[in-house]
Amino acid sequence: ETGVTQTPRHLVMGMTNKKSLKCEQHLGHNAMYWYKQSAKKPLELMFVYNFKEQTENNSVPSRFSPECPNSSHLFLHLHTLQPEDSALYLCASSQVKTSGGEGNTQYFGPGTRLTVL
Amino acid sequence: RKEVEQDPGPFNVPEGATVAFNCTYSNSASQSFFWYRQDCRKEPKLLMSVYSSGNEDGRFTAQLNRASQYISLLIRDSKLSDSATYLCVVNDYKLSFGAGTTVTVRA
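Chains E and B, in that order, are what the protein sequence lines are.
Residue numbers for the first sequence follow the numbering used here, beginning at 1 and rising by one.
Residue numbers for the second sequence follow the numbering used here, beginning at 1 and rising by one.
Because the hints were derived from the structure by calculation, they are not lab data.
One thing to keep in mind: the hints can contain errors.
[Said to hold, decoys possible] In silico EDC-like cross-links for lysine to aspartate or glutamate, where the CA-CA straight-line distance does not exceed 20 Å:
{"hint": "1", "chain 1": "E", "residue 1": "K36", "chain 2": "E", "residue 2": "D85"}
{"hint": "2", "chain 1": "B", "residue 1": "K94", "chain 2": "B", "residue 2": "E5"}
{"hint": "3", "chain 1": "E", "residue 1": "K22", "chain 2": "E", "residue 2": "E44"}
{"hint": "4", "chain 1": "B", "residue 1": "K2", "chain 2": "E", "residue 2": "E24"}
{"hint": "5", "chain 1": "B", "residue 1": "K94", "chain 2": "E", "residue 2": "E84"}
{"hint": "6", "chain 1": "E", "residue 1": "K97", "chain 2": "B", "residue 2": "D92"}
{"hint": "7", "chain 1": "B", "residue 1": "K94", "chain 2": "E", "residue 2": "E56"}
{"hint": "8", "chain 1": "B", "residue 1": "K79", "chain 2": "B", "residue 2": "D39"}
{"hint": "9", "chain 1": "E", "residue 1": "K40", "chain 2": "B", "residue 2": "D57"}
{"hint": "10", "chain 1": "E", "residue 1": "K18", "chain 2": "E", "residue 2": "D85"}
{"hint": "11", "chain 1": "E", "residue 1": "K36", "chain 2": "E", "residue 2": "E56"}
{"hint": "12", "chain 1": "B", "residue 1": "K42", "chain 2": "E", "residue 2": "E56"}
{"hint": "13", "chain 1": "E", "residue 1": "K41", "chain 2": "B", "residue 2": "D7"}
[Said to hold, decoys possible] Pairwise CB distance ranges (calculated):
{"hint": "14", "chain 1": "E", "residue 1": "A39", "chain 2": "B", "residue 2": "S68", "range": "29 to 35 Å"}
{"hint": "15", "chain 1": "B", "residue 1": "K45", "chain 2": "E", "residue 2": "P69", "range": "23 to 29 Å"}
{"hint": "16", "chain 1": "E", "residue 1": "S65", "chain 2": "B", "residue 2": "G58", "range": "42 to 48 Å"}
{"hint": "17", "chain 1": "E", "residue 1": "A39", "chain 2": "B", "residue 2": "N27", "range": "35 to 41 Å"}
{"hint": "18", "chain 1": "E", "residue 1": "K40", "chain 2": "B", "residue 2": "N27", "range": "19 to 25 Å"}
{"hint": "19", "chain 1": "E", "residue 1": "S65", "chain 2": "B", "residue 2": "G16", "range": "49 to 55 Å"}
{"hint": "20", "chain 1": "E", "residue 1": "K18", "chain 2": "B", "residue 2": "N22", "range": "41 to 47 Å"}
{"hint": "21", "chain 1": "B", "residue 1": "K79", "chain 2": "E", "residue 2": "E56", "range": "36 to 42 Å"}
All values derive from a computational prediction rather than experimental measurement.
Idealized CB from N, CA, C, for every residue including glycine.
I would like the entire structure built from these sequences, with the hints used as guidance.
Structure follows, in structure tokens:
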């Protein structure tokens with residue numbers, strides 16, 4: 001399945017490095033999301049973009065910086081991370097409906113497994 | 001109280017058995033819910049949507065109890081391939097995820 005792709009799949013970085021995670025969705029959706037998943041914890045929503053506009057920032061530290069150049073692409077820029085930031089970072093997309101009815105079904109990419117040394 | 005709570009398990013069951021587990025949610029106004037499954041080191045994938053009283057899809061049945069604020073997932077005739085972590089998700093304009101219930105089906 002290639003609806004939502006993420007690169008790289010694995011990343012090891014030092015605390016002083018700068019890196020970026022990339023996500024691309026091929027589903028024609030209008031919303032994209034970044035989640036963090038740590039071991040044995042629920043997925044934590046980090047950022048939401050609707051129609052390329054950031055609509056939610058869940059108190060995420062500034063060392064994480066999202067970028068959404070268009071409705072198909074989403075980046076997460078990383079710098080001066082901490083070891084506790086090591087986790088699986090998942091991108092998702094959905095078609096947000098302005099009217100009521102069906103829920104907000106999100107489709108996930110395979111994730112980037114990040115290790116901060 | 002957490003927004004979404006699940007019994008982490010693990011539920012260890014033999015092939016062919018029936019397994020069921022619940023998920024409780026805190027917001028009584030929540031209208032729609034999902035079950036996602038997540039295999040080890042993979043991304044979550046949508047299993048079922050739950051909009052009204054429940055939903056059935058083959059061997060999987062999801063039920064919603066609004067009065068007690070929980071949804072359940074029942075798996076009949078378990079297969080080895082059903083082994084996964086099942087995530088309960090509540091849709092309140094954004095998705096809130098439970099930590100997941102792990103199911104292991106043994107031969």
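Comparing the hints with the structure gives:
1. E/K36 <-> E/D85: This hinted pair holds, its Cα atoms lying about 9 Å apart.
2. B/K94 <-> B/E5: 16 Å, holds
3. E/K22 <-> E/E44: 18 Å, holds
4. B/K2 <-> E/E24: 32 Å, violated
5. B/K94 <-> E/E84: 25 Å, violated
6. E/K97 <-> B/D92: 13 Å, holds
7. B/K94 <-> E/E56: Satisfied, since the Cα-Cα distance of roughly 10 Å is no more than 20 Å.
8. B/K79 <-> B/D39: Within the cut-off at roughly 14 Å; holds.
9. E/K40 <-> B/D57: Distance of about 28 Å is beyond 20 Å: violated.
10. E/K18 <-> E/D85: It holds: about 14 Å lies between the C-alpha atoms, which stays within 20 Å.
11. E/K36 <-> E/E56: Holds: E/K36 and E/E56 sit about 14 Å apart, inside 20 Å.
12. B/K42 <-> E/E56: 25 Å, violated
13. E/K41 <-> B/D7: 12 Å, holds
14. E/A39 <-> B/S68: 29 to 35 Å: Holds: the Cβ-Cβ distance is about 30 Å, inside 29 to 35 Å.
15. B/K45 <-> E/P69: 23 to 29 Å: About 27 Å separates the Cβ atoms of B/K45 and E/P69, which means 23 to 29 Å holds.
16. E/S65 <-> B/G58: 42 to 48 Å: About 43 Å separates the Cβ atoms of E/S65 and B/G58, which means 42 to 48 Å holds.
17. E/A39 <-> B/N27: 35 to 41 Å: 26 Å, violated
18. E/K40 <-> B/N27: 19 to 25 Å: Between E/K40 and B/N27, where Cβ atoms are some 23 Å apart, the hint holds.
19. E/S65 <-> B/G16: 49 to 55 Å: 50 Å, holds
20. E/K18 <-> B/N22: 41 to 47 Å: 44 Å, holds
21. B/K79 <-> E/E56: 36 to 42 Å: 38 Å, holds
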